[in-house]
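Colleague: Please work from the sequences and hints to get the whole structure.
Protein chains: 2
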Amino acid sequence: MPSNKSIIFKAIPDGYPVVGEHMKLVTKEIDIENFSLADGDILVKNHYLSLDPYMRGKMRHSDVKSYLPAYEIGQVLNGFGVAIVVKSNNKKYQVGDYYMGLIGWEEYSHITANVVSTEILTKEISKYKVPESHFLGLLGIPGMSAYVGLNKIGQPKKGETIFISAASGAVGQVVGQIAKIKGLRVIGSTSDDSKIKYLEEELKFDGAFNYKTCNTDEKLKELCPNGIDIYFDNVGGETLDIAINHLNNFARVVACGMISQYNAKEHYGVKNIIQVFAKRVLIQGFLVGDHFQEMESFHKEMVEWFKQGKLKYKEDIVEGIQNAPQALVNVLTGKKFGKMIVKIC
Amino acid sequence: MPSNKSIIFKAIPDGYPVVGEHMKLVTKEIDIENFSLADGDILVKNHYLSLDPYMRGKMRHSDVKSYLPAYEIGQVLNGFGVAIVVKSNNKKYQVGDYYMGLIGWEEYSHITANVVSTEILTKEISKYKVPESHFLGLLGIPGMSAYVGLNKIGQPKKGETIFISAASGAVGQVVGQIAKIKGLRVIGSTSDDSKIKYLEEELKFDGAFNYKTCNTDEKLKELCPNGIDIYFDNVGGETLDIAINHLNNFARVVACGMISQYNAKEHYGVKNIIQVFAKRVLIQGFLVGDHFQEMESFHKEMVEWFKQGKLKYKEDIVEGIQNAPQALVNVLTGKKFGKMIVKIC
Numbered sequence: 010m011p012s013n014k015s016i017i018f019k020a021i022p023d024g025y026p027v028v029g030e031h032m033k034l035v036t037k038e039i040d041i042e043n044f045s046l047a048d049g050d051i052l053v054k055n056h057y058l059s060l061d062p063y064m065r066g067k068m069r070h071s072d073v074k075s076y077l078p079a080y081e082i083g084q085v086l087n088g089f090g091v092a093i094v095v096k097s098n099n100k101k102y103q104v105g106d107y108y109m110g111l112i113g114w115e116e117y118s119h120i121t122a123n124v125v126s127t128e129i130l131t132k133e134i135s136k137y138k139v140p141e142s143h144f145l146g147l148l149g150i151p152g153m154s155a156y157v158g159l160n161k162i163g164q165p166k167k168g169e170t171i172f173i174s175a176a177s178g179a180v181g182q183v184v185g186q187i188a189k190i191k192g193l194r195v196i197g198s199t200s201d202d203s204k205i206k207y208l209e210e211e212l213k214f215d216g217a218f219n220y221k222t223c224n225t226d227e228k229l230k231e232l233c234p235n236g237i238d239i240y241f242d243n244v245g246g247e248t249l250d251i252a253i254n255h256l257n258n259f260a261r262v263v264a265c266g267m268i269s270q271y272n273a274k275e276h277y278g279v280k281n282i283i284q285v286f287a288k289r290v291l292i293q294g295f296l297v298g299d300h301f302q303e304m305e306s307f308h309k310e311m312v313e314w315f316k317q318g319k320l321k322y323k324e325d326i327v328e329g330i331q332n333a334p335q336a337l338v339n340v341l342t343g344k345k346f347g348k349m350i351v352k353i354c
Numbered sequence: 010m011p012s013n014k015s016i017i018f019k020a021i022p023d024g025y026p027v028v029g030e031h032m033k034l035v036t037k038e039i040d041i042e043n044f045s046l047a048d049g050d051i052l053v054k055n056h057y058l059s060l061d062p063y064m065r066g067k068m069r070h071s072d073v074k075s076y077l078p079a080y081e082i083g084q085v086l087n088g089f090g091v092a093i094v095v096k097s098n099n100k101k102y103q104v105g106d107y108y109m110g111l112i113g114w115e116e117y118s119h120i121t122a123n124v125v126s127t128e129i130l131t132k133e134i135s136k137y138k139v140p141e142s143h144f145l146g147l148l149g150i151p152g153m154s155a156y157v158g159l160n161k162i163g164q165p166k167k168g169e170t171i172f173i174s175a176a177s178g179a180v181g182q183v184v185g186q187i188a189k190i191k192g193l194r195v196i197g198s199t200s201d202d203s204k205i206k207y208l209e210e211e212l213k214f215d216g217a218f219n220y221k222t223c224n225t226d227e228k229l230k231e232l233c234p235n236g237i238d239i240y241f242d243n244v245g246g247e248t249l250d251i252a253i254n255h256l257n258n259f260a261r262v263v264a265c266g267m268i269s270q271y272n273a274k275e276h277y278g279v280k281n282i283i284q285v286f287a288k289r290v291l292i293q294g295f296l297v298g299d300h301f302q303e304m305e306s307f308h309k310e311m312v313e314w315f316k317q318g319k320l321k322y323k324e325d326i327v328e329g330i331q332n333a334p335q336a337l338v339n340v341l342t343g344k345k346f347g348k349m350i351v352k353i354c
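Chains R and P, in that order, give the protein sequences. In terms of this note's numbering, the first sequence opens at residue 10 and continues consecutively. In terms of this note's numbering, the second sequence opens at residue 10 and continues consecutively.
Keep in mind the hints are simulated off the structure, nothing from the lab. Predicted model only: the values in this text are computed from it and were never measured. The hints are all genuine.
Because identical chains cannot be distinguished in the list, a pair is counted as satisfied if it fits within a single copy or across any two copies.
Restricting the straight-line Cα-Cα distance to at most 27 Å, the calculated cross-link-like pairs of lysine-lysine (DSSO-like) are:
no., residue 1, residue 2
1, Lys74, Lys228
2, Lys288, Lys274
3, Lys96, Lys54
4, Lys221, Lys280
5, Lys321, Lys167
6, Lys74, Lys166
7, Lys288, Lys74
8, Lys344, Lys213
Modeller: Right under this line is the structure:
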């Protein structure tokens, strides 16, 4: 019988989660032939799993409310993934079909009828003829976050300047490339000198800097001499505070994520918020899940740009589900380069 | 010859300005008959002067940039006022006409041709048959700030809950009354128990509390049991931080002013900004000056409501220009009740 390695949620972390302590590998076997499926259920073999910062937010006490439910102690961790159906009791799915939606951090997942409804973009996977893993990044939730946030809130106009934090990350690299297509000056911050090279040479950013070794305030002064019109914020905290100081009148701040704050015991207080009214700044948060009805138009435009060679996408692919816990820690600490994906089989 | 008492800007304050030290009374005489006017200039006798929080922002070093120019040391302070033309070298103005625009903190002002262009709403003063002083409040810049901020950014919908800070102030009392007309639940914070009575009994707010003697967090929990959909922010700082904690998904924060921060040596850091993206909150600043082209539609709708008895407006009128400095300090410390106006003659 094939093995089914899985990662369970063991305990609630205080700061960063620790491999083995908060996330633990468990190995069982699975009897596919005799696996029992209720009406509407499917059994899938997992190919790729996406690891994302929001997962840290789910590692909390379940009585703390948030926009996503908490993981329960003892449960197999979950996230979005691409899988192949190996057994089906659902009319929509045949054995061999793609399933894309919520899967466990495991080799095989039993997807119950109610979870099947989290499914997204299944059909497009074969239709567009792009690599499977791209549906977890460039053409998945991170890419769509970039697209929706930049277009709806950022309202980019040719000739404007955009600053993107975590610019080589899953979302940031897409924001920057769309902004370049639209004729903006694009500046990004990142956590490593090799990423600067990627942003400037591969993605043609107009400038990038390492926020760990540079003074963000000085770098923004130097690289955004005409101020910032759009700040695409993936990190929050001090970077947000400094960026506000460089905003032009009528600037837009796209609040996409605040990764610097997810593991913080006390949240950073943003002092420059006082500049918001005099500069007529707009700060707006969004969740990509509110915009899934626009998935098709997003795919159409993005696949077109991708096929024209206007979009590149860096993935950091880790092999084996047993390596997923350390990979998530790397996502949270910035020790990765591009979109973090686990190749399960 | 008539006297022309005026208040000059004497020195830049560190915290709150001090009467006599930073603002000083000077008495001269004025020879109206022989007063020389260049082409386009007018000489006016001042009736009413508006005192507003933004004036503190102009009491700074001129090399600190802001949306309004700094006052120069030694100059007569200025602000919006209603006056009557007593001598004119401008075709548009006859002796006896109203002038409404930038005037000095003084009894007579020489309005140079370039300043005449700051003029607003002159014609409406006689057209609408409402008290002169209302054009500095209900129908002036504070009333228009309320109207524009609430409608354009707040996007009020019947049945929603709005929380207004500095709710009995020049702007807040108008926001609350328009929100009541539009069918919202209206909650306000203020600095004095007598103001609570005014808000609840005269203006029919659904609830009000004294932020100085109550715990804002507990009061918001009690008075906004369904959360806050619109926060109209006149104060910033800790109140903004606490209010964010009570915002509903898709809430709007109208950043109109941050009076708690104008005299602060270090700005308060807003920690709950991290809630913005998960709750899809919009925070937007605005300056009423960007919307003066909508003055006429604003006046039409407001005067209609006023004549129907749907709008009341509390003014705190101080007599004599010599009392203006203390009155401004009272504006900044909340020791006033309603819109602060100086009756000059």
